[in-house]
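Build the full structure now, drawing on both the sequences and the hints.
Protein chains in written order, with numbering that gives the first Met the number 0: chain A, 0 to 275; chain B, 0 to 275.
Think of the hints as simulated: they come from the structure by calculation, not from any bench.
Among the hints, a few may not be true.
What the hints assert, rightly or not - List time: in silico DSS-like cross-link candidates among lysine-lysine, alpha-carbon distance up to 27 Å:
1. A:K131 with B:K26
2. A:K104 with B:K43
3. B:K35 with A:K104
4. B:K175 with A:K164
5. A:K264 with A:K43
6. A:K270 with A:K12
2 protein chains.
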Amino acid sequence: MTTDQLLANIKKKQSFLCVGLDSDLNKIPGHIKNDKRAVFEFNKKIIDATAPYAIAYKPNLAFYECRGIEGWKDFELTVTYLRENYPDVFLIADAKRGDIGNTSKMYAQAFFESSDVDAVTVAPYMGEDSVKPFLQFEGKFVILLALTSNPSAADFQYYSSVDHKPLFAEVLDKSKTWGNVENLMYVVGATKASVLVKIREQIPDHFLLVPGVGAQGGSLEEVAEYGMNKRCGLLVNASRSIIFAGSDTDFAEKAEAEARNLQQKMAELLKQANLI
Amino acid sequence: MTTDQLLANIKKKQSFLCVGLDSDLNKIPGHIKNDKRAVFEFNKKIIDATAPYAIAYKPNLAFYECRGIEGWKDFELTVTYLRENYPDVFLIADAKRGDIGNTSKMYAQAFFESSDVDAVTVAPYMGEDSVKPFLQFEGKFVILLALTSNPSAADFQYYSSVDHKPLFAEVLDKSKTWGNVENLMYVVGATKASVLVKIREQIPDHFLLVPGVGAQGGSLEEVAEYGMNKRCGLLVNASRSIIFAGSDTDFAEKAEAEARNLQQKMAELLKQANLI
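Following this line, the structure appears as structure tokens:
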């Protein structure tokens, strides 16, 4: 997918919502929990209910890997289901991979060839040669961790140099030379919305994947105020607040209501920015 | 496994060799490549040939994930084979995972419960709450990335603070308070052997997993000189230089010779250190 196509989808659905498929088997409603393919069945219903309001989906690999081969099957079935039924959605494997060059190349093949996602999240700690293999696939994106939304993000991401530049800013400055807006995006945690101003000075044009809205407490309005650019430039993710909005037979309706609610707020913000 | 058991195995085999199972299907000898379970069959032969000389094995998940479910099966079969036939070896999933707390917990379950490895490599970028869930399993280890062996390690791992302390040293100082020698080890790239002196001042007692000996060019003697402690404290990994020492029907014999050669050097170094 290109950013032009992504922007077209944002305008069409009046939304920049990404639904995080953190589909923890333990939290899946009881009436489908015992299905052999419970996680996939759950995902299908969540996807069907939220697709009118979401332009992206983000399965988090941890919630699939934790069940070994069976979990991996649910992941692959989910990817195939999305591709076949909703070919326009932007599909992110939230895997936070990263290894030495020849190994990263294998991870890139895992997600861009064996599987067929549009983007994969990558951790920057090992530097350029660990990221570059992911940038070699036409129409595919690295989403590099810059500033994450968890409390311990401050442990190292704010580690400061002699000129008081935090590590995450160094990650942005160095990595933006490795790729371009058509193959590189960044994870920027919404819980630090005020920092978005400075980040936008560094990377005005890249798309940002913003977690932390919803269960983690970030503000959508602040994210839009400080993070939106002239091509939207935002994918705002909500996971648990949507997919586990309900815990009974009406979980899909509750997820739909939650997604629609976010989409309506997003439509308003897109209008304010004259993007729709 | 405890570090006492690990040390006992080091003394028994007179070796601190870890064999990296970076079992790239494209590099597997032609006569077994077409077997449906080629990677597992290859691993079995490599393991049987090298087990007298190795105290640890380290499958790198990228080389399994890149083939989706089939690759994951080969990984699980390899883990089971090692557990059943070589219960004494220390088994490391080289996965370089790390995510927000509730997600890291899922990854920890993936490797310590769904699978049954002794240790998993973890990336530190997201800080304490991304690492801690891996530290909650009795007898299991986090092996945290500190200084890696790839050329681009310098991009961020040497990023320096106002008092000129590189990021990797900050990672060591902070993280060593999160666990102890019985649940935490570190990845320290052998290609920076001279840095080992300073690292040993920071963490005198932890075990280090040292990649970069062999195909990546690090020196075993330097690693032992600067990195060994009174309980050995080293797991030196070699991957490609052993498993792809040969590319024909004699690949297992060639791997055995390479592993034995390293083990003999290690026995000498252990004797010099009065550990055996």
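Structure-based check of all given hints:
1. A:K131 with B:K26: holds (22 Å)
2. A:K104 with B:K43: Cα-Cα ~25 Å, so holds.
3. B:K35 with A:K104: Holds, at about 23 Å.
4. B:K175 with A:K164: Cα-Cα ~25 Å, so holds.
5. A:K264 with A:K43: holds (25 Å)
6. A:K270 with A:K12: holds (13 Å)
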